[in-house]
Structure formats: C-alpha cells, structure tokens
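Protein chains: 2
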Amino acid sequence: MATALDVFGDKWTLLLIRDMGIFGRTRNKEFQDGKEGIPTNILANRLKSLQEHGLVQRKPYQNNPPRFEYHLTPAGKELIPIVRSMARWSADHVAGIRIPKRTQK
Amino acid sequence: MATALDVFGDKWTLLLIRDMGIFGRTRNKEFQDGKEGIPTNILANRLKSLQEHGLVQRKPYQNNPPRFEYHLTPAGKELIPIVRSMARWSADHVAGIRIPKRTQK
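Line by line, the protein sequences are chains A and B.
Just so we're aligned: the first sequence equals residues 1 to 105 in this note's numbering.
Just so we're aligned: the second sequence equals residues 106 to 210 in this note's numbering.
Chain A on its own, in the form it takes in the complex (with noise of 0.2 angstroms):
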C-alpha cells in the first residue's frame, strides 16, 4: 500500500486525478483554472509522475506547436470512486475542520 501512496498519496495528484475523472478536465489550462490553483511547476510534476506509474496516458491535439491532452488510463479510473468518497467526505466534514476566518469588523 505504502508503494501506491508514493503515486497518489499526494493532494495535487488527487485533484488532478478528480478533474480527469469527475470534471472531465483533460488539457493544462483547464487544470490550471481550477479553483485550488496548482503551480505550474506542481503540474507538469504530477502529470508526467502519473504518465510513468501508468495512471494517465498523453494523447496529442495539436501538432504545431505540439499540445498534449490528458485522460485516465484503466487503472487510473479505478481511482475514481475513491476520489468520489473523499469529496463526500470532505463535503460532510469540511465545514468542521476548515481553520475559521477572521470575522470583518
């Protein structure tokens, strides 16, 4: 377990695997102008770590310049009731555990 938790256990690599998934996110803008704002740098790491454990797969769009699209792989969308779960969870608890704003005076 510990090795796939080297591939995903990772909170960005868990929303970009939700934006695939869930969101139907397949190109880098569309994973850029998600709410959370991943860096790019974050990004490009994340996506080229879940190209090599096999969990996405690049597809070209555009050839020049070349752009690429991301997707799920099999074993990628197997990954996708799990993230479905935590965003329920997260959807019950979130209220309870989010650090409280200061209030405007």
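Wrong hints could be hidden among the right ones.
Said to hold, decoys possible - Calculated pairs, BS3-like style, for lysine-lysine (alpha carbon to alpha carbon, straight line, at most 25 angstroms):
1. K182/B - K11/A
2. K116/B - K11/A
3. K153/B - K134/B
4. K77/A - K35/A
5. K29/A - K77/A
6. K153/B - K140/B
7. K35/A - K116/B
8. K11/A - K140/B
9. K140/B - K116/B
10. K164/B - K182/B
11. K134/B - K182/B
12. K11/A - K153/B
13. K116/B - K48/A
14. K11/A - K29/A
15. K77/A - K11/A
16. K182/B - K153/B
17. K35/A - K48/A
18. K11/A - K48/A
19. K77/A - K59/A
20. K116/B - K77/A
21. K134/B - K116/B
Claimed, not checked - Which bits of chain B does chain A cover? Going by a derived footprint, with three or more residues having C-beta under 8 angstroms, they are:
22. 117-130
23. 170-184
24. 189-195
Derived by calculation from the structure, the hints in this document are not laboratory data.
Beta carbons: idealized from backbone N, C-alpha and C, even for Gly.
Given the coordinates of chain A, work out where chain B should sit on it, guided by the hints.
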C-alpha cells in the same frame, strides 16, 4: 475538497488512519513498528495534525511517565472505507507500478 486533502491527502497520514482503523494500532511504538518505517518526527507531526483536525483523539493509558494512545474519532472512522479501497487498488495494481528491483547475478 482541497481543504480536506490538506488534512489527509498525505501518504503518512493515510497509513496512520489505516494503522488505527484497520490494524487496530493505537500506540507510538506500534505505529513505528509498521513495515513502512515512519520517521519519528513525521509520526509526531501527523498525530498532532490529526488531533487538531478532529480525526484522532488522544487518551492517557499510563501516568508515570505519561503515555498516550490514539484512536480515530467518528469523523476519522468514516475514512476507513476510503483507505480500504486504496489498499484494494494497491493490491490490484502495485505490481504494475512498483519500480523493478535490479536482478541479482
């Protein structure tokens, strides 16, 4: 969801939830004896964070010197099915994602 992932979207945190929720481990020594070999400072840090976010509760089991054991709260227990699904995914896919060991000659 990102806020929730700040709490548990981390390899060591997820392993600790597994230790408590599935393996029934409650004490520092039991967490440290896990085969993943969690570093002591990370263990202390993650147990503290889990308590601060209401996922884990600390109870004294000895007074002199003071010693504590750690249990999942109801909110923490709701993560057990998620961790179980991760373990199942890991068992199905870990062969494909493990970095191959160099063959002995």
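| field | Proposed proximity, K48/A with K11/A (alpha carbon, max 25 angstroms) | value | Answer holds: K11/A to K48/A is near 15 angstroms, not above 25 angstroms.
| task | Would you mind confirming whether the straight-line C-alpha gap from K153/B to K134/B stays at or under 25 angstroms? | result | holds, 16 angstroms
| Counting residues of the segment 170-184 of chain B whose CB is closer than 8 angstroms to a CB in chain A, do you get three or more? | Holds, because 3 residues of the segment 170-184 of chain B bring their Cβ atoms closer than 8 angstroms to Cβ atoms of chain A.
| request: For the pair supplied as a hint, K153/B and K140/B, confirm whether the alpha-carbon distance does not exceed 25 angstroms. | output: holds, 21 angstroms
| Pairwise hint evaluation, K153/B against K11/A, where the allowed Cα distance is 25 angstroms at most | Distance of about 19 angstroms is within 25 angstroms: holds.
| Under the criterion that the straight-line Cα-Cα distance not exceed 25 angstroms, is the pair K11/A, K140/B satisfied? | holds, 23 angstroms
| Coverage assertion for the segment 117-130 of chain B with respect to chain A, Cβ distance below 8 angstroms, three residues required | With 3 residues closer than 8 angstroms to chain A, the segment 117-130 of chain B meets the three-residue bar; holds.
| field | Proposed proximity, K11/A with K116/B (alpha carbon, max 25 angstroms) | value | Judged against 25 angstroms, a Cα distance of about 10 angstroms means the pair holds.
| Is the Cα-Cα distance between K29/A and K77/A 25 angstroms or less? | holds, 21 angstroms
| query | Is K35/A close enough to K48/A, meaning Cα to Cα at most 25 angstroms? | reply | This hinted pair holds, its Cα atoms lying about 21 angstroms apart.
| said: Please verify whether K140/B and K116/B have alpha carbons no more than 25 angstroms apart. | reply: The hint holds at about 14 angstroms.
| Is it true that the CA of K182/B sits at most 25 angstroms from the CA of K153/B? | Roughly 17 angstroms between the alpha carbons, so the hint for K182/B and K153/B holds.
Every hint, counting from the list given before, is met by this structure.
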